[in-house]
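Novice: The task is to assemble the complex, starting from two chains supplied on their own in separate frames and drawing on the hints.
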Amino acid sequence: MLLIPTLLGASIIIFLMIHFLPGDPAQILAGPDATLQDIQNMRIRLGLDKPLPVQYFLFMERLLTWNLGNSLVSGFPITSLIVPRFLNTLKLALLAISISLAIGIVLGIVAALKRNTTVDRIVMIFALLGVSMPVFLLAVLLIVIFSIKLHILPATVIGSTPSIRHLVLPSLTLGLIGAAPIARMTRSSMIEALSQEYIKTSEAFGFSIRKIILVYALRNALIPVVTVAGLNFGYLLAGAVITETVFAYPGLGRLIVDSIFARDYPVVQFGLMMIVALFAVVNTVVDVLYALINPRVRLE
Amino acid sequence: MSGFLESLLTPQNKMLLRKLRRNKNVLLGGVLVLIFIAIAILSPIISPYSPTSGNLSEALRPPSSNHPFGTDYLGRDILSRVIWGARISLVVAVGGIAISILSGAIIGGFAGYIGGAIDDLTMGVVNILLAFPDILLALFVAAVTGPGLENVILAIGVYNFPQFARIARGAVISVKTSDYVEAARASGETKSSIFFRYVLPNSMSPIVVHATLRTAASILTAAGLSFLGLGVQPPTPEWGAMISEALYYLDAAPYMWVFPGIFLVLTVLGFNLLGDGLNDVLNPRIKD
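Chains X and H, in that order, give the protein sequences. Here the first sequence is numbered in the numbering used here, starting from 1 and rising by one per residue. Here the second sequence is numbered in the numbering used here, starting from 301 and rising by one per residue.
So that you can see chain H by itself, here it is in the shape it has in the complex (with noise of 0.2 Å):
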């Protein structure tokens, strides 16, 4: 199967793909962020009990044979919890990453590749959003608009536009300048044929990375959005909601936190090795 896959790919893919496989980085990011993913997906299946509904005469207890990760203080079983948990941050990161993506690349690449007045006032807002400092501008859309999932993946997106917007536009500017967009101006082909044929893929590998790591960045926001109440809400299982809701119980049932706590750094621990170890391969004149 790799194999045929392999066959497809351009010598250059492949110098590319051996590269990353002997990154450290890129290797133990890339397991790790891909457990996260196959329990987000499988939680459906692989968590023993529900995430929502426990048994209160069963409450607080200490992990055992039942209940690997023990029980909160409703008496739900935190294993299952922690299991769902990874589909919620998973929908989160990626539906605030794919918008904030999309209305980045498409507004701030248009801006760079347009240039003039539009550029400017374009850059004008971004440079304000910026600034807000970080989580600020996704707790400000998310105290606007309420909580809740939706609301949360729309305040993880309007947190991330400004940062893909201007790297965008940064690529956009850097290879609008090459020869061979030159050389496609020069045979004549028009400005959005151009743009989409030409500027946008060869813009994607700054967005690349900046995308994964900014999905650590995310996961770890909208966390801390539940943790102060103002993102996914209870019963939902959420890292930062568990975590938060472990407060009361820091010394009775360390395991209420502990479990949650490790699956949240792990996860993001692997979004960032992964977008380091690609920012080493991709953009190799920063060497160290």
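Chain X on its own, in the form it takes in the complex (with noise of 0.2 Å):
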């Protein structure tokens, strides 16, 4: 398993990264007017006058005993910002992605069954757009149709539990962004999949084509669809993080984006930590998954 050595080399990264690029967090902490003195002491409250490698221990001891210490901003514990947010967030994206999933096969399926027709072409063009379109910009549309046009659904969350009417309108978002890869992948391999000698045999036996459809072609045809279902959940939270900013809606990819602003560092490093598991996470069950639909893929 990757997993841990993933996680592990991560956790190294987000913390070298914040260490060693410019800018002095202790310096922007304790603000223009402070003294040598002043962010000398800002520097030892946040613990930079220790040596780089007791520092990442410290970090690391934090993470594995979910001790992650308050907020630099508003005194909070860590933890109690992270969760909540953290469970918005994955709310969000498992039904974002259950509405790219729904609509990417179907629209493939559709576009494979009438290849070259003028279903199949338009099909191409709306998942062509898909990929090419900004995130924040599908997002605008849709407050623009359906808040400010037609005024059935919610822009923006007020408060910090967003209730279903408010999932509505981030989740379409990156639901329908996400569904655009899909529907390119399920149609190519649907195409792969019925061209195959068994399932020309099979229709040659007299098997009803929509069996033929849905047993055995689909099953060949969704294998690489997991694989890009996996990848996909990685760009949906990441483009959760400008997702949620535009909706104001309480995950923590906003509460990441909040506390860059804030230079909130530690809300920055542990949410990001938290971001890149989830993400790891997904690609683990991705990769044990194919191997279960697959069988000639064998786990090492």
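One thing to keep in mind: the hints can contain errors.
Distance condition first, Cα-Cα at most 25 Å in a straight line; then the derived DMTMM-like pairs of lysine to aspartate or glutamate [claimed, not checked]: (1) H/Lys324 / X/Asp287; (2) X/Lys114 / H/Asp580; (3) X/Lys149 / H/Asp580; (4) X/Lys91 / X/Asp287.
Label pairs and their calculated CB-CB ranges [what the hints assert, rightly or not]: (5) X/Asp33 / H/Ile335: 49 to 57 Å; (6) H/Phe496 / X/Gln55: 39 to 47 Å; (7) X/Thr65 / H/Ile337: 48 to 56 Å; (8) X/Ile223 / H/Ile406: 30 to 38 Å; (9) H/Leu421 / X/Thr284: 44 to 52 Å.
What the hints contain is simulated information worked out from the structure, not anything from laboratory work. Just so it is clear, CB atoms sit at the ideal spot from N, CA and C, and this is done for glycine as well.
Specialist: See below:
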């Protein structure tokens, strides 16, 4: 399993980048009027005066004991900030990936069956537009249509617990964008599956076309789709950063962006770590699923 | 002119050129990309007004003959800002991709060529970087380095690096085991001369395809960073930042987000079409 080394590596990279790239957090947090002594005090408060390996060790200790310390800005414990936001993002991501899979697979199958017709071309143009569409522009379009013109859905979340109605537009934004690559992948792997000998054979044996498509072709066609969907989950988490900001959705992405502006480095560090961990876990699950549906692949 | 250029090409390249011309995606994508590049290069000449200074008494005017795309909340001409925005996007995308190709091709290519422990270590780091979902790596770099044009270019470079390193490595490994490299080795050429004369040039086609597709993704990502306020800063005209400024005027002044939005989508679409088309022509084994 590559999960543990990946997470360890990611923690080192997040840690080192915050320390080596320009911009001294102590100086920034101490404010523009700070004296050298103030900056030094801030450095000690942040633990930045200790040698790097010690700092990394402390960072990992806090992460592993789930004792993340307090936010530099609000003073609240970071765990109490991150956990509810993380669950909100998870909710949004799961809903969005379901929308992506439903729309993407259906459109992909339709396009493959109606290959080289107008229907196929329209689906493919939509898929291409989906790949080329910035998340924030689609979000703006949906807000204008559903919130401003039709008045049927709220554009922004007020408070910290989003209701189902608040989830519709953000998850639709992410889901539609994510549907595009899944539709393209489903189409091409479905076309390949339908051209296989065994499909032609079963057709010749008089099995119903519907059964052939749904049972035999689709099962094989979905194997690469699983991988794309797993990768897509990463784009989705990343896209969630922007989507959550547009819709003022109280998720982890928005927390990270807000904390970046507030220079709340510990929150940024641990927030990023959570997203990377979620992505790595999903990728591992996808690898396992991939091996389950495709017996030719064996996990080492 | 084109006749003269064609006479310089080998028969194989001529055939490739003919295939490229016949591919609809290459054609349409190429046209969109060329228009984008032309607007970017010519922006000082074709933009009718200053992109950064406006007249507050003329703020939020809908499209008219004076201002074909209208004016924004500071009375700046949106057409001029959209035109200069092309230049910003081009600079960021080309700069960022150049950084990632150079570093990715050299580091990934070298790792693949040398093999062994260096290869394992490099790919270990690359795989960890790939564990950061897409824009997050760029977001992270931009967050730590602070906003600004150079930092966005750096962020785009870092975020594309692992992809190019991986592709370059794969390409080099597949070329290095081929017969003509075997032949060069047998005839006593040094490792570095084999790498630069045979392996690198023959690994270019997947890199070219990927560079085109990643340019599309990079333009989106850079616009996303600026939309969040972490990228290019106002008053610099940037498409993502323009759409973010429009958030308060979505209904009152739709022209503030519609025009930069259309240019952004068409530009990204152009690079995606071109990349898909090049992929069909250069990697002909994938047919559908």
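Novice: Phenylalanine 496 of chain H and glutamine 55 of chain X, beta-carbon distance inside 39 to 47 Å?
Specialist: Holds - the Cβ-Cβ distance for phenylalanine 496 of chain H and glutamine 55 of chain X, about 42 Å, lies within 39 to 47 Å.
Novice: Would you check the hint for lysine 114 of chain X and aspartate 580 of chain H, treating anything up to 25 Å between C-alpha atoms as holding?
Specialist: 21 Å, holds
Novice: Please verify whether lysine 149 of chain X and aspartate 580 of chain H have alpha carbons no more than 25 Å apart.
Specialist: Roughly 42 Å separates the two Cα atoms, so the pair is violated.
Novice: Does 49 to 57 Å hold as the CB distance between aspartate 33 of chain X and isoleucine 335 of chain H, or does it fail?
Specialist: 50 Å, holds
Novice: Is lysine 91 of chain X close enough to aspartate 287 of chain X, meaning Cα to Cα at most 25 Å?
Specialist: Distance of about 22 Å is within 25 Å: holds.
Novice: Is the distance from the Cβ of isoleucine 223 of chain X to the Cβ of isoleucine 406 of chain H consistent with 30 to 38 Å?
Specialist: 35 Å, holds
Novice: Keeping to a limit of 25 Å between CA atoms, is the pair of lysine 324 of chain H and aspartate 287 of chain X held or broken?
Specialist: Roughly 36 Å between the alpha carbons, so the hint for lysine 324 of chain H and aspartate 287 of chain X is violated.
Novice: Falls inside 48 to 56 Å, the C-beta gap from threonine 65 of chain X to isoleucine 337 of chain H?
Specialist: Hint holds: Cβ distance 54 Å, inside 48 to 56 Å.
Novice: If you check the beta carbons of leucine 421 of chain H and threonine 284 of chain X, does the distance land in 44 to 52 Å?
Specialist: Violated - the Cβ-Cβ distance for leucine 421 of chain H and threonine 284 of chain X, about 22 Å, lies outside 44 to 52 Å.
Of the hints listed earlier, those the structure fails to meet are numbers 1, 3 and 9, in rising order.
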